[in-house]
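> Construct the complete structure from the given sequences, taking the supplied hints into account.
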Amino acid sequence: MSVLAPLYLLGLAAISLPLVFHLIRRTPRRETQFSSLMFLEPSPPRITRRSRLDNLLLLLLRALAITLLAVAFARPFFRQSARTSPSDAMGERVAVLVDASASMRRGDLWRQAVAAVDETLKRYRPQDQYSLYAFDLSLRPIVSRQDLAQVPSAQRRATALARLREFSPTWAATSIGQAMGDALASLEGEGEPDAQKMVGQRRVVIVSDLQQGGRLSDFSQYEWPDDAVLELVPVTTGASTNAGLALLGQRSNESEEPTEEKLRVRVINSTDSISDSFRLEWRNASGDPLDDATDVYVPPGESRVARVSLPATRDEYMQLSLTGDDFDFDNTVHYVRPEVDQARVIYSGVDDVGDADGMAYYVARAVESVPLGAAVLEQAQPDSALLTNAPPELVVVTAQPTKAQCTALRDYMRAGGTTLYVVQEGDDAALGALVGGDAIEVTEADVDDYALLGEIDFRHPLFAPMAGPQFNNFTQIHFWKHRQVDRADLSDAAVLARFDSGAPAIIEQRIGRGKLIVFTSSWRPADSQLARSWKFLLMLSALINQGRGDSAFSGSYLIGEQAPLPNGIDLPQDAFLTKPDGTRILIQSGVSAVEDTDSPGVYAVSTTERPAMFSVHVDPLESETAPLPQEAFEQLGCRLAGEFDPATANAELRQMRDIELEGQQKVWKYLVAVALLLLIVETLLAGKLSRPTAPQPAPA
Amino acid sequence: MRIKNLQMRAKVIVEGFYAGIHRSPYHGFSVEFSEYRQYSPGDDLRYLDWRLLARTDRHYVKRFEDETNLLCYLLVDTSRSMAFQAGGVSKHEYARTLAATMGYFLYLQRDAVGLAVFDEVIREYLPPRRRAGHLRHLMAALQRQPDGMGTNVAEPLEQVARSVKKRGLVVLISDLIAPTDLLKRQVAYLRSRGHEMIILRVLDPAELAFSFDDARIFHDLESGKKLYIDPDVAKRKYLDAFQSHAATLSQDCKELGVELVVCPTDRPLELSLFDLLRTRLERGRTPARNDRIARRAR
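Taken in sequence, the protein lines are chains Z and D. Using my numbering, the first residue of the first sequence is number 1, and each one after it goes up by one. Using my numbering, the first residue of the second sequence is number 1001, and each one after it goes up by one.
Mixed in with the good hints, there may be bad ones.
Claimed, not checked - Computed far set for chain D versus chain Z, every beta-carbon distance over 10 Å: (1) 1012; (2) 1058; (3) 1107; (4) 1220; (5) 1222; (6) 1276.
To be verified - Have a look at the derived ranges for each label pair, beta carbon to beta carbon: (7) 1163/D with 33/Z: 30 to 38 Å; (8) 1225/D with 9/Z: 42 to 50 Å; (9) 11/Z with 1237/D: 35 to 43 Å; (10) 9/Z with 1228/D: 31 to 39 Å.
Hint data in this document are derived by calculation from the structure and do not stem from the laboratory. No residue lacks a Cβ here, since even glycine has one placed at the ideal position from N, Cα and C.
Printed below as a string of structure tokens:
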């Protein structure tokens, strides 16, 4: 016989209570009158050696009842099988996660990780089921539970290690949180044929440098389950310095555009670094130094933005390297000099560019304001052929176009071009020709004082930059004159803005792949105040950039990011991506983004013209290599456990068996019943004993 | 009937006492010269020794032993604590027998005997008389059962001191189970008025030895308080406290010139009386008088 909760047996000590009560001198009921209690103090009841144990039977009954209750609380049961053997123990479900992110390229961390995995796998018993994963931003199986199930248990570890040795750290960033979540999900074992056997504890083992930049917070969307434990196996490099570089101003999601001949880079120094002085130097594509080095001072745990002058060379591609730390996996940024892709704006009008009362003057200023001098204005004579060379990004028409011009513009728009047409009174036929129909009536509007813009479609790219509440006030732009267009003649036209009278101010008509944007009032100072507002510059810039059409493509991406292919650039039939190591990957037709950005360096996408180049970098978070404290895991609710110990697991199994046996036998119920019975007997007996005995008649 | 009993008991005791005693405190009715004292203004001129004045031209006043018959005040405590009896006779019974005996004894000596029966206050007061029938009144007053509560000796003593004008002998019969400080003050006051004082402390043997066997509830006769007492545990402390109280009483009496005689109720009453008289004789005021008494006793 054994008990489940032996501590309750301490309750047996309560047997002493009836004994003590029996031994304590009964407080006498007899009273003695005494002259004065002035000299007396109360004396507590005490146990005396002289006291005799009265009513032994009662005492026995009481002690027995207490004993039975104490034993009942201890939950006794009878062991049926003699002992549990280690092989009876339930197998644990284990997921061993090996960090294969870029930060594991430091020193001998990977070798340490492989050794740690070996040590970890050694401890598992045949009934434990483990799988081995590598993780960086995502979790990938190295060898799964199902794979190992095919292998004899003695060879499982060797198999897993052999597979692991085929792996090496990638360049990707780390997401420990995501990996933990995915590993837990993989251990749930749902849908597996042996799912009913998988009742053991879940264990996630992480072999990693546990770097601070490991995105542990990704786990906050998960909840740590009760039946799982986390075991951390950290690998370290010892005292060392790691600093990293991040290129600024070249990402598509960064608002800042590089506008000067200085490149901005952020130098990140890890919290556990021991040095703080670094150097930045330019190298060409083959790694030779190009220019003098720049010194940077970054204290440990901080980051500094450095402005580095571009070298005098006109190389298309360069590297900026950081020196002064111990690990160089994150020390290089690749700089692809952005192509100065000049947008062309053709202006067709009668006024002179130098005339501030005309419209050309303001268009020229707006084109100049486009960043990096990326746009040029070409003025066309009213009667000349407008589109002689390659199609421009924008055509601005302020004078009535000729028939030939209308035809050319229509073709241009059908092919995807944008035309901004400032309509004048009497342009009925020209407008009709541009739209591709009959003449559209254009009349001069009768403006009392001035008109204002109302009902602006801020979702349209023309107005989108001014959608914010601090920018969207157009009430200071007065229009003295404007035309009225009979909108009924414009099929499928969208009104982008109306005057306060309700008359359309800006109309957009889709023509083929392109569009015609009709202004019913000009920006000539005699007509309106539009050209005097900064909003005009933004509107024209938006039109030019829209014409470019490749805004999604930028010069720099992070490892693992999708690089969208440039819009508006025709890919050849057999377009391919050239990776930094020279390998070529065919780009399937219809694909809009390149996904194989798995190593840092410069990538090139072949186009019909010259290749589109972009650089790919290691995630700057990988440079934060200081180790995470264990508390960070605990704060997320993870149940940390020490190393897997088969003895503990065996003890837990035995405990579970005991609980099961006890639950089946329920001996405690019988014990409580007997105890209650004894207490009833005791009560009856005590009542009988306390009743005064009837006097016996004296013998005659 | 009971009065008669008490009187008879007193008579028996006194007679037995006479039979057993060889030296009598009885010193008669006569006026005996005791000493000279220098006259001081205010003294009664009747006692001026004119002859001595004529001879020596000095003023002396004659002082007399027992200028008059003894005035005796018996103060008997009838508080509830006096009702205690562990066995045999109660303290109250003993005390009133003692008082009756003394009263009878003094009556026989033609001394004037007064009586004050008290608990917290004086319940009964008979001024000292010597007339016929006074003894009967005295016995009747003593016959009353105690019905008071606590013992407050100080208050009755103060009342006696106020009401008694003439100097005399004050005999206090009580168990004196009460705080000593107030008692001391009132006794000192009585003594300062010129009274002689004797305290007969009547105690039950159980109070003296705390001879109880087993634990029980003790019920305080005076306050009604109840306590669970195990004599085995409490005896030592009780005896210490009791003896300390007795020692304080004894010391106080000694300081004030008061005779304190402890009378356990299991002791024959005449022996207690004998002790009292013997100590009084031994403590005579002058050696001459002691000699005289001693001679007479022989």
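> Are any of the numbered hints broken by this structure? If so, which, sorted upward?
4, 5
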